[in-house]
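Dock chains B, C and D with the ligands against the given chain A, drawing on the hints supplied.
Residue numbers (my numbering), protein chains in the order written: chain A, 13 to 747; chain B, 151 to 370; chain C, 7 to 85; chain D, 7 to 85.
Treat the hints with care, as some may be off.
Unchecked claim - Derived lysine-lysine pairs resembling BS3-like cross-links, with alpha carbons at most 27 Å apart:
(1) C/Lys70 / D/Lys46
(2) D/Lys46 / A/Lys741
(3) B/Lys263 / A/Lys456
(4) D/Lys70 / C/Lys25
(5) A/Lys341 / B/Lys220
(6) B/Lys173 / A/Lys563
(7) B/Lys220 / A/Lys574
(8) D/Lys70 / A/Lys741
(9) A/Lys395 / A/Lys70
(10) C/Lys70 / D/Lys70
(11) C/Lys25 / D/Lys59
(12) A/Lys456 / B/Lys220
(13) A/Lys345 / B/Lys178
As the list claims (entries may be wrong) - In silico negatives: residues of chain B with every beta carbon more than 12 Å from chain D:
(14) Lys152
(15) Pro159
(16) Glu172
(17) Gly176
(18) Met181
(19) Asp188
(20) Leu207
(21) Pro249
(22) His259
(23) Asp279
(24) Asp302
(25) Asp320
(26) Ala334
(27) Ser364
Stated by the list, open to error - Here are some, though not all, of the chain A residues that point toward chain D, as calculated from beta-carbon distances under 7 Å:
(28) Glu112
(29) Arg225
(30) Val251
Calculated directly from the structure, the hints in this document are not laboratory data.
As the structure is a prediction and not an experimental result, all values here were calculated from the model.
Ideal placement from N, C-alpha and C gives every residue a C-beta, glycine not left out.
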Amino acid sequence: MNDIQITPELVAEHGLTSEEYERIVKAMGREPNYTELGIYSVMWSEHCSYKSSRFHLKKLPTEAPWVIQGPGENAGVIDIGDGQAAIFKMESHNHPSYIEPYQGAATGVGGILRDVFTMGARPVANMNALRFGEPDHPKTRHLLAGVVEGIGGYGNCVGVPTVGGETNFDPSYNGNILVNAMTVGLADTDKIFYCAAAGVGNPVVYVGSKTGRDGIHGATMASAEFTEDSEEKRPTVQVGDPFTEKLLIEACLELMATDAIIAIQDMGAAGLTSSSVEMASKGGVGFELDLDKVPQREENMLPYEMMLSESQERMLMVLKPGREEMAQKIFEKWELDFAVIGHITDTGNLTLKFGGEVVGDMPINSLVEDAPEYERPYVPTPKREAVDVAPVNDLNKAVLDLVGGPNLCSRRWIWEQYDHMVMGDTIQRPGGDAAVVRVHGTDKALAISTDVTPRYCYADPVEGGRQAVAETWRNITAVGGTPLAITNCLNFGNPERKDIMGQFVGCLEGMGEACRALDYPIVSGNVSLYNETNGSGILPTPAIGGVGVMKNSDRMATIAFKDEGEAIVLIGETKNELGASLYQREILGEDAGAPPHVDLALERRNGDFVRALIENGQVTTCHDLSDGGLIAALADMAIAGGIGVNVAVDGDLPLHAALFSETQARYLIAADTEVAETIRKEAKDAGIPVEIIGATGGDRLRVNNDAVDIPMSELAKAHTDWMPKFMAKEILTTG
Amino acid sequence: MKSAVIVFPGSNCDRDMAVALEKITGTKPLMVWHQDYDFETVDFIALPGGFSYGDYLRCGAMSARSHVMKEVIKRANDGVPTLGICNGFQILTETGLLPGALMRNANLHFVCKDVAMTVENTDTLFTKDYAGGEEIIIPVAHHDGNYFADDDTLDRLEGEGQVAFKYTSDINGAQRQIAGITNARGNILGMMPHPERMIEPALGGSDGRKLFTSLMNTLN
Amino acid sequence: MKARIHVTLKNGVLDPQGKAIEHALGNMGFDGVNEARQGKFIELELAETDREKAETAVDEMCRKLLANTVIENYSIELE
Amino acid sequence: MKARIHVTLKNGVLDPQGKAIEHALGNMGFDGVNEARQGKFIELELAETDREKAETAVDEMCRKLLANTVIENYSIELE
Ligand SMILES: Nc1ncnc2c1ncn2[C@@H]1O[C@H](COP(=O)(O)OP(=O)(O)O)[C@@H](O)[C@H]1O
Ligand SMILES: [Mg+2]
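Pulled out of the complex, with its shape left as it was, chain A reads as follows:
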């Protein structure tokens, strides 16, 4: 196979430009052979090299006293006190999920779990941020059903609770759905594992599943010599095996409790190639691999195939010499493959042997550091002016349409298919502002939320970037958590288009500002570009996953009204900010004007105030305001508690603005009337806008007498029914 002639066509099929190919020849000092070309092509792909995004990612804030490991490892690590660390990351599996929703989403979950337990953490929570095309699009139901089933199929089986996420619909995702999965794990701060290999001569060990021809680089499919049974194109879709993943988690954690491991890395995208190159590169060493030793699922596998296979549920480790046998016993106990496939060298090269011959020999440095980096040209997104957004006659209908529509309706249909309670520490289940998961055996808990509002990012990338970060911060705050750090998954269209690149740069600028202002650094992340079909890209979607900690998990707030006759307190000032709002889009069918402005200082001041109220036990009912504004938040709280509410809003704003404006940095609190009065005074003293707007009770949602007046039963029904009704028309397959 290595005698295949490298032609310009073959280079192009590997997704490399001719300039990039010249770069390879220069770095190697010769022409690469076929295997080497394959390896360069995946290492220099957008996915592995971040060639379009690296330059801008460098500008993001990644440090804080509690950050143990920022971007650059498999996942970010933060200190949560008492010698414990939270380890987390978010990743996309967009394209595979569009091709094959069940397996695409399932393997996405598998991949992100591995990123986290590779570092020594036991995964304790999964999240999923999903975007689908418009509900009416013929593929939407099928994709949604498959993705949800796949996420559940994998996460439920490995026994990690899926505790939250977000789900949006927008036509821009018709041909490019987004499936972003996040995992959070826990480890001891002195038991964290990294990927830097060390120690010339030390064994390189392969564990997990066998290698097959799964998911080998789409480009290579075109090469006719490639498959023996050429009647059938090899599927590029990988099938996940969550049972093996569960065994792999347990086996790795068992081995990690010993001192045998020097370095460990999961085999993710570009499998054996990227894992070995990254380990060697971080450690400044060379690797020699004997490919005959790689456990293989299929016959006659070639070096090219083994190096590029994306078979799932595999890991690579460097062990201390002499520990192989002990490690092998552990993996045998868990009925997993274990093979010493090579050793560390001092050559600085990745050397591949097969059938006794050297079939590849590449300088590790050139694979990583010589990878191209592009400062792609961009044009900033033009600023939008503020616009007047019209009122509607029938407010009741507008409220019902929003709360009972695709974007605000209950996601119960989704999260009831996820085991969100396994592990026995989920103390705030899906449906609230943030999921809360206890740190096992302690009083502490982690609060987790994923958010982004792509509408805003499209209207104004900088504001949208700020807002995405701020919303996770606010959601964590609203349950009583102290936000500590974020991960992200940056989903955009084609970076070679200047306007798309402008969105990317703008969003990152806003994100960076928000992280700095909120002391809320980025510790890990993932970039997914080229989410585009026939020249039309997705809305810019920088999904943010935030993690916070709660010292005392007994002091936690939820959104549900707890009692009749409680006062409702609105924290934060409401402005006329209906541009790019959900109201504007869903009710008026328009998208215009500037999105709400994010004032980060206000955000912080209001949030810190609210969190203190929860931490000191004054408040157990709280909800932040976001999509749909005040009225949507009130509806959520009333529905969750099964208690009606009656409020009065006055002031200078037109009523529709007061109800639907999406002004940021606002919260609703319900509390006993005396407590509410105290809170009002405290807020006033602190200079925080505050207003007692009404009280809980009754069985209707009412505003200003009967300006809005909807029976709770009708509201709850609209909210609950939309998704099951919508999905009932899905043609269920057979599982």
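For chains B, C and D with the ligands alone, kept in the frame of chain A given last:
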């Protein structure tokens, strides 16, 4: 009360079960790996939930044929109280210790939520502390909880008081809304809902506790 | 030798997957599907070369593992 | 008319179920099972009496619903 929790490859509620047993009985259970089949004498055996062997082929099929189950079957037949939750229930039916089978949920979806069920028989060592007909809330989390047995078997189960719990509404298509059954002797209980997930207010309620206290009060 | 095994639900056992297929086909506009049943199809690659011995062994595998005879029937073909 | 449909994983696609069956049979002491693959077996009871029309219809059902052609093959027999 000395308990054993059997751990199969792919079990994932083993820790939850151990935590519940320790919290309620005060004694840490023995965790028995499926290959350690000559484990010490215990008063009680729990088969936890999860996806043993990935639920591949049929849920519980492979675990039911494992070495450790030969020992469990022997002890259960000797009268040792044995509880199978969710995947544990599936394993018990696959071994034949309990009649019937658990099929794919009627709507084909995995379901994880709190469900209401009634305690049908309080005259078992697992249910003594509940009141007759008591309605309790316990979560389910399963893909294959659709209990099936032929009509004769169902009549017999109902007639002999072997139905321990019934859902108050249709959750998964189970015949006669059966959520849990015992063997004729009454020392083996299999149920789909997870009482170990409902043992403290922070988790959403405590209705699962009485199952464990019933056992403990009987055994001590 | 190759063994092809069909595992099907017994008559009278409700088949949720089969029902779902029936339903889905109806919704998709395929009329005239009176009934659908879903079973399993298992292929084994056996080292055994003696037909009779293979048959006995596979039958035992079916009884002991591959089929749940409370609800399922099985049939074996050898090739 | 009856249609018997076999849905099997394409060559090279990982078959976790098959792998687990192989493993379990080994553990139970059944030696000499070199490989196990698991697929689906679907039986349809059709109102159609014309063979050709039935064949066309079932083929469409397979492509559109019964098989996931990204990872699965199917074959149809009519009786
Ligand atoms: N795909 C999903 N998986 C699990 N939970 C989800 C998913 N989508 C939404 N949710 C849950 O539904 C609730 C509402 O989501 P969302 O409207 O995004 O909340 P917020 O506006 O507070 O960020 C949250 O608790 C969220 O975790
Ligand atoms: Mg919120």
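Going through the numbered hints above, which ones does this structure break? Give me the numbers in ascending order. Structure breaks hints 7, 10, 12, 15 and 20.
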